[in-house]
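Undergrad: Chains as they are written, first to last, in the numbering used here: chain L, 698 to 814; chain Z, 4 to 112.
Worth flagging that the hints you see were computed from the coordinates, not collected in a lab.
Just so you know, even glycine gets a beta-carbon here, dropped at the ideal spot from N, CA and C.
Incorrect hints may appear among the rest.
Claimed, not checked - Some residues of chain Z that are not near chain L, with every Cβ distance over 10 Å (derived): (1) 22; (2) 29; (3) 47; (4) 48; (5) 57; (6) 62; (7) 72; (8) 89; (9) 105.
As the list claims (entries may be wrong) - Part of the chain Z face toward chain L, derived, beta carbon under 8 Å: (10) 39; (11) 55; (12) 103.
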Amino acid sequence: DTTVKQNPRYKLARVGKPVNLICSQTMNHDTMYWYQKKPNQAPKLLLFYYDKILNREADTFEKFQSSRPNNSFCSLYIGSAGLEYSAMYLCASSRDPPPGAGNTEVFFGKGTRLTVV
Amino acid sequence: GQQVQQSPASLVLQEGENAELQCNFSTSLNSMQWFYQRPGGSLVSLFYNPSGTKHSGRLTSTTVIKERRSSLHISSSQTTDSGTYLCALEPNSGTYQRFGTGTKLQVVP
């Protein structure tokens with residue numbers, strides 16, 4: 698099974714409320730990523746786990762949290778949603794050597810469309 | 004600056020026409036991947052092609068590392084090919100995959 702599963706597919710949230718998105722893969726991949734995709738923009742990497750180590754992009758450092766309790770599962774947590782968080786959230790995974798070593802094929806889930814009202 | 008540039012930004016084809024989508028990058032790369040984004044937003048991997056040429060049905064991907072470019076050729080386009088095509092590369096500078104802004108393709112009957 699080479700699929701990355703995301704739940705839910707659609708999420709409606711109120712401004713100021715928390716949001717928790719879930720992702721899983723059974724490929725025993727080392728790295729799991731979260732991207733944010735808005736219309737007419739490139740997917741933006743928010744953070745990734747390499748094994749148990751969380752790496753967050755500098756400009757999204759305080760806005761998003763994540764946890765990876767085991768190899769297969771990774772969540773994305775927004776503590777207080779704002780209107781600007783409305784987007785498609787894409788989870789992905791890859792079987793990686795240490796960062797930058799190359800030849801990284803990435804597998805994406807179908808995404809969760811978050812709408813904040 | 005932008006590491007991954009895609010062209011054209013948008014394209015309209017008559018059904019049956021061919022298309023050539025370009026991805027140019029300003030950095031040395033470890034891997035190159037082409038994705039198709041469905042109108043609903045999910046990404047489908049078309050090719051993992053760090054170098055050389057790969058074929059899949061009506062699609063062909065060619066990556067020429069020394070020229071820092073990759074192309075996606077669509078032959079005999081169909082209306083169901085409509086959507087956004089994204090290229091993404093992993094630089095060999097120790098950072099993770101970076102996406103281009105995509106080519107929005109519309110194929111009309």
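Undergrad: Determine for every hint whether it applies to the structure shown.
TA: Hint-by-hint comparison with the structure:
Residue placement check: residue 22/Z keeps its beta carbon more than 10 Å from all beta carbons of chain L (closest about 19 Å). Non-interface status of residue 29/Z relative to chain L is upheld: no Cβ of that chain comes within 10 Å, the nearest being about 15 Å off. Under the 10 Å C-beta cut-off, the non-interface status given to residue 47/Z relative to chain L is violated; the minimum distance is some 8 Å. Some Cβ of chain L comes within 10 Å of the Cβ of residue 48/Z; the nearest lies about 7 Å off, and the non-interface call is violated.
Consistency note on residue 57/Z: stated as away from chain L, and its beta-carbon is indeed over 10 Å from all of that chain's, at 12 Å minimum. At roughly 17 Å from the closest C-beta of chain L, the C-beta of residue 62/Z stays outside 10 Å, upholding its exclusion from the interface. With a cut of 10 Å on Cβ distances, residue 72/Z stays outside the contact zone with chain L, its closest approach being about 18 Å. Some Cβ of chain L comes within 10 Å of the Cβ of residue 89/Z; the nearest lies about 7 Å off, and the non-interface call is violated.
With 10 Å as the threshold on Cβ separation, the claim that residue 105/Z sits away from chain L is violated: the shortest Cβ distance comes to roughly 7 Å. Contact between residue 39/Z and chain L, as hinted, is not supported at the beta carbon level, the nearest pair being about 11 Å apart and thus beyond 8 Å. Of the supplied interface hints, the one on residue 55/Z is violated, with its beta-carbon coming no nearer than about 13 Å to a beta-carbon of chain L, more than 8 Å. For residue 103/Z, the interface hint holds, the least distance from its beta-carbon to any beta-carbon of chain L being 6 Å, beneath 8 Å.
Of the hints listed earlier, those the structure fails to meet are numbers 3, 4, 8, 9, 10 and 11, in rising order.
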